[in-house]
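> Chains as they are written, first to last, in numbering that gives the first Met the number 0: chain A, 0 to 1012; chain B, 0 to 205.
If a hint is listed, it holds; no wrong ones were tucked in.
To give an idea of the chain B side of the interface with chain A (calculated C-beta under 7 Å), a few residues: (1) Glu-7; (2) Gln-8; (3) Met-43; (4) Arg-45; (5) Asp-97; (6) Gln-115; (7) Gly-118; (8) Lys-135; (9) Ser-138; (10) Asp-157; (11) Phe-180; (12) Ser-181; (13) Thr-182; (14) Phe-183; (15) Ala-196; (16) Glu-197.
Think of the hints as simulated: they come from the structure by calculation, not from any bench.
Built from N, CA and C at the ideal position, the CB exists for glycine as well.
Spelled out from the first residue to the last, the chains are:
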Amino acid sequence: MADLVGTTGVQRRAAEAATQADGQAAAQPRRLAAGGLIDRASPLRFTFDGRPLTGFAGDTLASALLASGVKLVGRSFKYHRPRGILSAGSEEPNALVELRSGARREPNSKATTVELFDGLSALSQNRWPSLSFDVGSVNSLFSPLFVAGFYYKTFMWPGALWERLYEPAIRRAAGLGRASGLADPDTYEKAWAHCDVLVVGSGPAGLSAALAAGRAGARVILCEDDWRLGGRLLSDPAEIDGRRGLDWADAALAELASLDQVTIMPRTAVFGVYDGGTYGALQRVGDHLPVPPEHQPRQRLWRIVARRCVVCAGAVERPIVFPGNDRPGVMLASAVRTYIGRFAVLPARRTVVFTSNDDGWRTVEAISAAGGEVAAVVDPRGSVPARFEAGSRGVPVIAGVVAAVEGGSGGVRGVTVRTADGRLRVGAGCLAVSGGFNPNVGLASGFRGRPGWRDDIAAFVPSGGPPGLRSAGAANGTFGLAAALREGHAAGTEAAAECGATGHPGEPATAADEALAITPLWHVAGAGKAFVDFQHDVTASDIALASQEGFDSVEHLKRYTTLGMATDQGRTSNVNGLAILAAGRGRSMLETGTTIYRPPQVPVAIGAFAGHHRDEHFHATRLPPSHHWAAERGAAFVDVGLWKRAQWFPLPGETDWLQSATREVRAVRSSVGFCDVSTLGKIEVCGPDAGTFLDRVYINTFSSLPVGRARYGIMLREDGMVMDDGTTSRLAEDHYFVTTTTAKAGPVMQHLEFCRQVLWPELDVQLASATDQWAQFSIAGPRTRDLLVLLADPGEDLSGEGFPFMGARAVRLRGGLPARLFRISFSGELAFELAVPARFGEALARNLMELGAGLGVVPYGTEALGIMRIEKGHVAGPELNGTTTAGDLGFARMMSTKKDFVGRVMAARPELIRPDRPVVVGIRPVDPARRLRAGAHILPKGAVPGPDTDQGYVTSACFSPTLERWIGLGLVSHGRERHGETVRAFDPLRGEDYEATLCDPVFYDPDGGRQRG
Amino acid sequence: MAEPAWTEQPPLARLIEAGRPVASADPPGVRLTVRAPRRLVQVMARRGGFRATVDAARGLFGSPPPSRPEAVFTADATLVWSGPGQFLVLDHAEPIDDPAAALRTAFAGTASVVDQSHGRVEIEVAGRQARAMLAKLCSLDLAAPAFAVGAAAATSIDHTNVTLWREPDDSDGPVFRFLVFSTFAESLWHLFTASAAEFGAAKGLR
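Next comes chain A alone, as it looks inside the complex:
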């Protein structure tokens, strides 16, 4: 092996001169003296692994690292191989770092997309104890073990070891970065936007599309992932409309900014296309700042509703797979150009360019123009493309392939080139590789679309695509500048016209025509690891092995080898992997196909999807009218669906919920108490056919209910199971007032609307939700009437005759307030429910407390409510659990046989009327001191627990202050015929096993004298 190409003295001096930015030379040895889109007047300090470094405003973390001469940036996932910076964009698989510290620590940030800010601290990942000396790299020695599917093969047996040993060990050794483990201190938002034409990407094609659509008068949103618009024009010299490419881009942006209907969104990545022309996009509002400004979110998740979309998302250069291709200093050729052109960083003094296509030769020109030395161009095609002859004069050209890379964690030192004549060594600090370009077809392949294949550019290109979406420019496989400008303009023009825009789109911009010639080169076989997926350490031999083992469908290959499953979603690796698979199997690229493209195309933080909906704002909350009054009294609250309900009202000295709830129950049973039951669903059912309508939705009859009366009702689902229960009152001939349970208020309203609109549109009935209109309080206890007379207008007759049990009517209260009063009871006591317009709910609570002081009135919460309903044997949510029939709940006789109703037919299915179905029964432990818990299984006494002996379970349990023991309700097979039988209550979850007695579910006042009193 010979060092074929030496460095000429002239070139070396030029390169040295170029890197001497005054005063910065030592700190940023690779920075060019001039050029680039950086602000040399704004130096920024940052640290990498604690080492203080500097960059400039306009840098990415990656460009600043390269400028400072840093090559080694991270360690790989599986083998802990030293890795550097491969790319200059969001396709970066290697240069992943942890940003910031403390609660804001963010793992897996791509150094190539991180905007440098003053004070940034970055840490390398996946190494211990240090980046340059990493113990985990010993994995490389055992690499024969870590082949494709090794998890599946190695850790098959014994299974018990998987959870305890293998998985924790693998997770420790692998993985990328560390989560902070602390609550995220930043806020996130979600937002909607609407437009005619969404343009994704702001390169030459995207700017042309946006200009054409905007000029035509369409509402345009232009999204650009980068913070600076222009795409490749930021990196590559170009001439458009006779101007410098950058100047043309600036003029285009100025024109777009002047159009009212155009919105430009930089730092916004469009990550997916969804139904109805909805696009997901992530805007990085504050990621480029140390801390987001006050009141600003860190990121904003947009749902953009667009009638048309033009995808101008460009193309990603792909590496070539050859041994040693993952060494720090091996870079994509176009990325090298970006670092030179945009960031004024020459990654190394001497560079070897390895290319299979013409675009690589642009990199040769760029390096030479920046004063760098191209040590050799390795192009298997062997000749200089005519277009590049002038720009690459004097550069050695080798017809061959790179077969090995010399250098480890210190970066590339040289490469071995294999030619027809043998092997030779070329010394260089950087290897720029171009294997061609993959158009970004992700969005265009949404909705399970499959890209097509073009042999002339050796690339997958969009084929079809989601409705309303078209691609243009490099994203469409149109790589020439002039053609991209034309195609973008045409796409923008068409999209705008399809939205009805009639303005003139202007003329497309012009540039010199150019074509990309490529002879695809996917894989250079040879000794040593040749990486396909850098981030997941998938090598060419892994793919060969997977194929050999039969995993040769692309979807199987992906799962078996984890190719393309990392955070970069295989943007540099998928096509290479497919090509190697195709070659191995002797199939074409189209026959081989691609895996299914699914959003998101770029990683999106869960926080962005959550937006404001976190912590106590995780979901909307509903507050009953007396909420603030209850909070004032120190009530404990419980979440019931979206509601916050008072659970109990502790008094000073009470330390335990049971103590408070027991006191509340005793007060109600001995005197009077009240409870806010406004959470029950309330539905006004109006119209001449209201009674008929209710007859059809309830199992029992309501058309016969007299005005001024209430009736308990049960409604079934279509399948015959109980849907909900509640009382319904008739307030006028054509006006009923339905109440539902708290939990089912919404579903019942939906069900009734469905019945009204779809099942029986002929019925003249109208529905209105009135849940929020009324503050409704249950007032219960033997002294209820004594309290109510203090509140009601003296003209209201509240006596047993004047207001009988299940009476319901509008009343007037003292002071003139109109109200509704219902004599219904859930507690077994004399009780009324009193409803007042909601804004008077708090006043009602205060009045009840004040007027009832002499009676010892207490407010009670949901715990006391629940205890009293169990004592009285009323069924509630735990029994109306969606698996019970009216018969199970003891309401078989309520099911009318004289009319049809929803669920009637299905309720008669044999399984639903089987005599051994579990039915509601009362349960009490034999030992009166024992606690009964819901969930305990009921078995025959002495039976061995098991599915064959299980006869049901305890649904509700409470300590009964009235009986001074624990009681409960359950669903038990043949329960009604077994009152008095001793059974086994078996609760393996809590380790409890005891005897209990089945009994009548009505523990309290079984003849109902109290509530009728």
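Fit chain B to the supplied structure of chain A, relying on the hints for placement.
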């Protein structure tokens, strides 16, 4: 014997000044105003009775009620579409003594009438940045041509039903009104203020 005192609890009173701080901006980008309660009555035409309902409404308000998602502004009332064959009446009639009684008489036999005066809270969102703020909560396109003055919608915010419409612009920009379920109002108010925070928000009751 003490007479009961019926102090009406104004909507969101506790939250208008409290809550999260917002950016200071002069003039504020968004004005969030809780409107003083009005009479709010839901009118639902009976089967086949929409034409008669329209006639009755024209007699009462001088304008036909909306028959599609729109708000109709009359001299004394705002009529907001709330579904096929139904609309909401917002006006300043005496709120305490069965607010719906007069309308029930006027629509007797043609429409069912339900009082919702306490069932909804009316919130106004206005200001230069009102649309930018609402884009964070509302999936509808509220831009000028798509949602003109007088446009109305029944939609969902934070998984909660709301009715909204656009009032005539004021000197500061567009004006949107929302009717939200009363028991959800505090929760939605939080979302409104959080979404307005970055623009600077003036909060008030009017």
